[in-house]
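*Asks:* Given the structure of chain A, go ahead and fit chain B onto it with the hints provided.
Given next are the chains, with one letter for each unit.
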Amino acid sequence: MNRTIDGKKVSASDIQFDEKINNLGRITSIIALIGMFSIPVVVTLIYKIDVNLSEAVAIGGSLIAMFAPMAIIENISYYAVIGAGGVYLSCITGNVMNMKLPCALSGMKIASVEPGSKSGDVISIICIGVSSIVTSIILFLGMLVIGEFLMPLLSHPVLKPGFDNIMPALMGAIAVPFVIKNGKVSITPVAISIIISIILGPAVVQRKQSYLLPVIMMLSVLAAYFMHKSKMLENKS
Amino acid sequence: MSHFEVANSFLLFSLCFITIAIVLMQSVLFVRAAWKRGVELGIEKQVMKKAMANSAIFSVIPSLPIIIMLMVLSVPLGRYFPWLRLSVVGSAAYESMAADAVAKASDLAGINDPGFNLPVFTTAMWVMTIGIVWGIIFNIFFMKSLDKFSKKAKASNNTFVPVFSAALFMGMLSIMSAPYIVNTANMTGIIAFVSAAAAALLCGYITKKTSIRAIGEFSLPISLILGMVVAIAYSQIFAA
Numbered sequence: 249m250n251r252t253i254d255g256k257k258v259s260a261s262d263i264q265f266d267e268k269i270n271n272l273g274r275i276t277s278i279i280a281l282i283g284m285f286s287i288p289v290v291v292t293l294i295y296k297i298d299v300n301l302s303e304a305v306a307i308g309g310s311l312i313a314m315f316a317p318m319a320i321i322e323n324i325s326y327y328a329v330i331g332a333g334g335v336y337l338s339c340i341t342g343n344v345m346n347m348k349l350p351c352a353l354s355g356m357k358i359a360s361v362e363p364g365s366k367s368g369d370v371i372s373i374i375c376i377g378v379s380s381i382v383t384s385i386i387l388f389l390g391m392l393v394i395g396e397f398l399m400p401l402l403s404h405p406v407l408k409p410g411f412d413n414i415m416p417a418l419m420g421a422i423a424v425p426f427v428i429k430n431g432k433v434s435i436t437p438v439a440i441s442i443i444i445s446i447i448l449g450p451a452v453v454q455r456k457q458s459y460l461l462p463v464i465m466m467l468s469v470l471a472a473y474f475m476h477k478s479k480m481l482e483n484k485s
Numbered sequence: 013m014s015h016f017e018v019a020n021s022f023l024l025f026s027l028c029f030i031t032i033a034i035v036l037m038q039s040v041l042f043v044r045a046a047w048k049r050g051v052e053l054g055i056e057k058q059v060m061k062k063a064m065a066n067s068a069i070f071s072v073i074p075s076l077p078i079i080i081m082l083m084v085l086s087v088p089l090g091r092y093f094p095w096l097r098l099s100v101v102g103s104a105a106y107e108s109m110a111a112d113a114v115a116k117a118s119d120l121a122g123i124n125d126p127g128f129n130l131p132v133f134t135t136a137m138w139v140m141t142i143g144i145v146w147g148i149i150f151n152i153f154f155m156k157s158l159d160k161f162s163k164k165a166k167a168s169n170n171t172f173v174p175v176f177s178a179a180l181f182m183g184m185l186s187i188m189s190a191p192y193i194v195n196t197a198n199m200t201g202i203i204a205f206v207s208a209a210a211a212a213l214l215c216g217y218i219t220k221k222t223s224i225r226a227i228g229e230f231s232l233p234i235s236l237i238l239g240m241v242v243a244i245a246y247s248q249i250f251a252a
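Line order of the protein sequences matches chains A and B.
The first sequence: position 180 = 428 (the working numbering), numbered continuously.
The second sequence: position 192 = 204 (the working numbering), numbered continuously.
Next comes chain A alone, as it looks inside the complex (with noise of 0.2 Å):
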């Protein structure tokens, strides 16, 4: 397999394309954030309902501080693995963590390129958004017909196993090879992410697990760069 290799100075191209896929994102979002409103909007006006907005945020309050800060952690921890165009494009398309995330990891592998490389980034657009293509027709089918046909397996008391840990599964089958191959710079992150697990128990760390993000990623850099100073990381190519 070619090894892309990423020229370090930057070029004229490289700024175009940065150039573009930002200028899509933006337009995209905004196109998409339309359409998300277009449906409550157009039903409140069309059938008349008196909706207290103000009420509605009230509500939507709580979750709102819970959900709005989590969004742009995430946002800002997953442009560093899938690039600025697959954030865009996994925050309009939705569930990143258990589906564009891993898919977009696993096809820079099979490409040979590394998360955050310009190569990398391409291959992310490229896996999440056929991701997107694919999820998007299985649901469309999924509501339409086969979702009744498909309940009785899903919910299978023997099949059930495998589908409720679908998540576990994926992250052994992602993170294990990567953190094996990453060596010395996984030790910190690794160890710390078990610690605070046995601590404060897995259902605690889940729930915040966008606040504790940024804290382990912290200590995994400056744990990195102290290995990185006293040359620890001589050995890694």
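A few of these clues could be false.
[Claimed, not checked] In silico EDC-like pairs for lysine to aspartate or glutamate, Cα to Cα no more than 20 Å straight-line:
1. B:Lys156 - A:Asp262
2. A:Lys432 - A:Glu362
3. B:Lys160 - A:Glu303
[Said to hold, decoys possible] If you anchor each label on the Cβ, the simulated ranges turn out as follows:
4. A:Tyr473 - B:Glu52: 32 to 38 Å
5. B:Phe172 - A:Met399: 47 to 53 Å
6. B:Ile249 - A:Ser261: 55 to 61 Å
7. B:Phe161 - A:Pro405: 20 to 26 Å
8. B:Glu52 - A:Ser310: 45 to 51 Å
9. A:Lys479 - B:Ala226: 20 to 26 Å
10. A:Val406 - B:Phe16: 42 to 48 Å
11. A:Leu448 - B:Glu17: 46 to 52 Å
12. A:Pro405 - B:Glu52: 48 to 54 Å
13. A:Ser261 - B:Arg225: 25 to 31 Å
14. A:Arg455 - B:Leu41: 32 to 38 Å
15. B:Ile249 - A:Ser286: 34 to 40 Å
16. B:Thr171 - A:Ser302: 52 to 58 Å
[Claimed, not checked] Some chain B residues flagged as far from chain A (calculated, every beta-carbon gap over 10 Å):
17. Phe22
18. Ala178
19. Lys221
I should point out that these hints are in silico values taken from the structure, not numbers from a laboratory.
Glycine included, C-beta positions come from ideal geometry on N, C-alpha and C.
*Replies:* Chain B only, in chain A's frame:
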């Protein structure tokens, strides 16, 4: 008027369909732009195609639980709005929480309370929409600057930059995986994690030793399914 007349109306279907179709088109636009760029960067078309095939195949299984959520949410919210929410932005967890919060705020027991009517339904749609858009709004305003800043840092020849990226990435993977590893209450989960990990490593090893590329390329769906199968087998054998 029952809210189902609206929720299952052709109007709602059209609005949802149009929005989903637009988002679908946006995916296509992004993929095209990325593909062109990939060629520019020298990534082999074969390689990009393989990544696409892997994505397509892989996406099937994780979509299935989403269908379950679709069915569940359809009971109170009709067929089309959940379909929109789960196809565009939105995560299943958030949707049910938001709808439930609105129901409770209207003195209902929950979203399946028979008192769930058109005004409540409409309010629910508003709340669900307002609550989820912040990530997108952040992207619109700040992603470009973040990207510029990061690209500048990467363009510098500082040797720490790739280490920095790797450290961030490992941090993310670690905190996302750790809860499953230590959750002894869900042994099946731990089994699934370990089996899928073993499968992934095995796929990598087999690919290296035999040059059967297909195994390496489909290692994610293969490992996922193997992890699930082992989880099922474990439950059958050990769990009561």
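*Asks:* Go through the numbered hints given earlier and state which of them the structure violates, listing their numbers in rising order.
*Replies:* Numbers 3, 7, 9, 10, 15, 18 - these are the hints that the structure violates, sorted from lowest upward.
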